[in-house]
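Enquirer: Heads up: the sequence shown begins at 0 in numbering that gives the first Met the number 0, then just goes up one per residue.
Derived from the structure by calculation, the hints contain no laboratory data. Predicted model, so just to flag it, every value in this text is computed and none were measured. A hint or two may mislead.
Label pairs and their in silico Cβ distance ranges [stated by the list, open to error]:
hint	residue 1	residue 2	range
1	Ala52	Pro13	15 to 23 Å
2	Leu281	Trp81	18 to 26 Å
3	Leu53	Ala16	44 to 52 Å
4	Ala338	Arg197	35 to 43 Å
5	Arg280	Leu121	32 to 40 Å
Glycine included, every Cβ here is placed at the ideal spot set by N, Cα and C.
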Amino acid sequence: MQIGFYGILGLGLPLVAVTVLSALPSQERWIRVWDFPRAQIAVLLAAVMLAAALLLPVGEPPGIALMGLMGAALAWQAWRIWPYTTLHRVQVGAARSCPDGAQIVLVVSNVRQGNRRSGRLLALIRDIDPDLVLLVETDAWWDAALRPLAASHPHAIRCPRDNTYGMHLFSRLELHDAEIRHLVSDQIPSIRTGVRLRSGESIVLYGVHPRPPPRADTAQRDAELVLVAQEVRRGEAPAIVAGDLNDVAWSRTNGLFQDVSGLLDPRIGRGLYPTFHADWRLLRWPLDHVFLAPAFRLRALRVLPSIGSDHLPLLVAVCHCPEAADRHPALAPERADRARARDVVATGRRAACESDATTERVDRI
0 MQIGFYGILG LGLPLVAVTV LSALPSQERW IRVWDFPRAQ IAVLLAAVML AAALLLPVGE
60 PPGIALMGLM GAALAWQAWR IWPYTTLHRV QVGAARSCPD GAQIVLVVSN VRQGNRRSGR
120 LLALIRDIDP DLVLLVETDA WWDAALRPLA ASHPHAIRCP RDNTYGMHLF SRLELHDAEI
180 RHLVSDQIPS IRTGVRLRSG ESIVLYGVHP RPPPRADTAQ RDAELVLVAQ EVRRGEAPAI
240 VAGDLNDVAW SRTNGLFQDV SGLLDPRIGR GLYPTFHADW RLLRWPLDHV FLAPAFRLRA
300 LRVLPSIGSD HLPLLVAVCH CPEAADRHPA LAPERADRAR ARDVVATGRR AACESDATTE
360 RVDRI
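Make a model of the complete structure from these sequences and hints.
Expert: If you want it as C-alpha cells, here you go:
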C-alpha cells in the first residue's frame, strides 16, 4: 500500500501544483501556460482520484488529505471550464432565420507560415464560400498563393510578414476605413476595418494575432487585447473581434477582454471547439476566437477540417440583429476591471519598450 500511496502522490501532487500555479495572478509565461490544459488536467485528476479510491485504504489520514487536495484542484479546473460546456446557458443567442443581407459568414485560420499546402485552404474557402476570410501567419509566399481569392473576394487587406505575424483579410463585402495598426509592437500588426453588409448596415471587424506566451511573457499580448477591448467599448458600430488570440477561452485576460469590451463569446454554453493543435487530438485548446457584439445572433459555429497547419480553421456564421442589442445591452465594466485594464496596458507597453520593438502606428488603406 505504501508503494501505491507514493505512486498516487507522485501523480496527484504535480497536478495540484500546476492547478495552484494557474490560479496565480501573474503574467509570467511559465505560469500562464498552465491556463491552457485545464480540460486535460481535470481528466487526469479524475483518473488519479479514481485510482486512489480503488488502491488506497479508506480512512487513512494521508489518503484523505491527498484526496482532498486533488478534489479541490479538480473542482477549480471544472469551475473554470464549465461555462464552455453545454451545461451552461449560451451567451450568444441562436438565430433560426436571418433576413437577406444580414448574415455574415466568417472563416478564421492560422495557416502556419511554413505550411505550403495552400491548395487545401483554397479548396475549403471555395466549398464554404464565406463572406470574410481572416488569415494569420501569412508571409510573402502566402501572399502570392492567395491571389486566386481576388476573383471571389475582391476586397482585401494584405499585410505579409516573415515573422509569423502576417495577416490577410479577404472579403466579398465592401470594406471601408480600413487600417493596419501596430498597437503595442511594430512587429505585430492588427486590422481594423468597417464592413458594409448587403443590407446597407455597417459593422466593425478587428483582426488580431498577439504574441503567444510560450515564447514570451503575456504582458504584450494582454495589453493588445485590452486596447482593442477599450476601443470596442468606445465605438458605436457593432463589432466583431476575430483571430488567433494565443490564449484559451477561459483565461483571465479573455474574461477581462469581455468585461471591458462588452462582447460575447459564442462558445459559452456550446462547447470548447478546440482549434490547436491540429495533430494532437487529446491536446487541443481553443486558441482561435470570434467575439461578437450583442447585436449579433449565432447561425453556425464549426471547427473545420485540417489545411496542413497546426491550427484548425474556425467558421462562425452570424446574423446582424440590431434589436438583439436592445434586449441585451452591454453592461459597463466594473471599476476594478477598468483599473486592471489600465494596469495591463501600462505593463504591456513597458514590456514592449524593454524589447525595443514598440511603436503605435496606424496605416490607413
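Enquirer: With reference to the structure, classify each hint as holding or not holding.
Expert: Evaluation of the provided hints:
1. Ala52 and Pro13 have their C-beta atoms about 19 Å apart, which keeps the hinted 15 to 23 Å range intact.
2. Taken as a hint, the range 18 to 26 Å holds for the pair Leu281 and Trp81, whose Cβ atoms sit roughly 20 Å apart.
3. For the pair Leu53 and Ala16, the beta carbons lie near 23 Å from each other, so the given range of 44 to 52 Å is not met.
4. Roughly 42 Å separates the CB atoms of Ala338 and Arg197, a value that falls within the hinted 35 to 43 Å.
5. With their beta carbons about 25 Å apart, Arg280 and Leu121 fall outside the hinted range of 32 to 40 Å.
Hints 3, 5, counting from the list given before, are not met by this structure.
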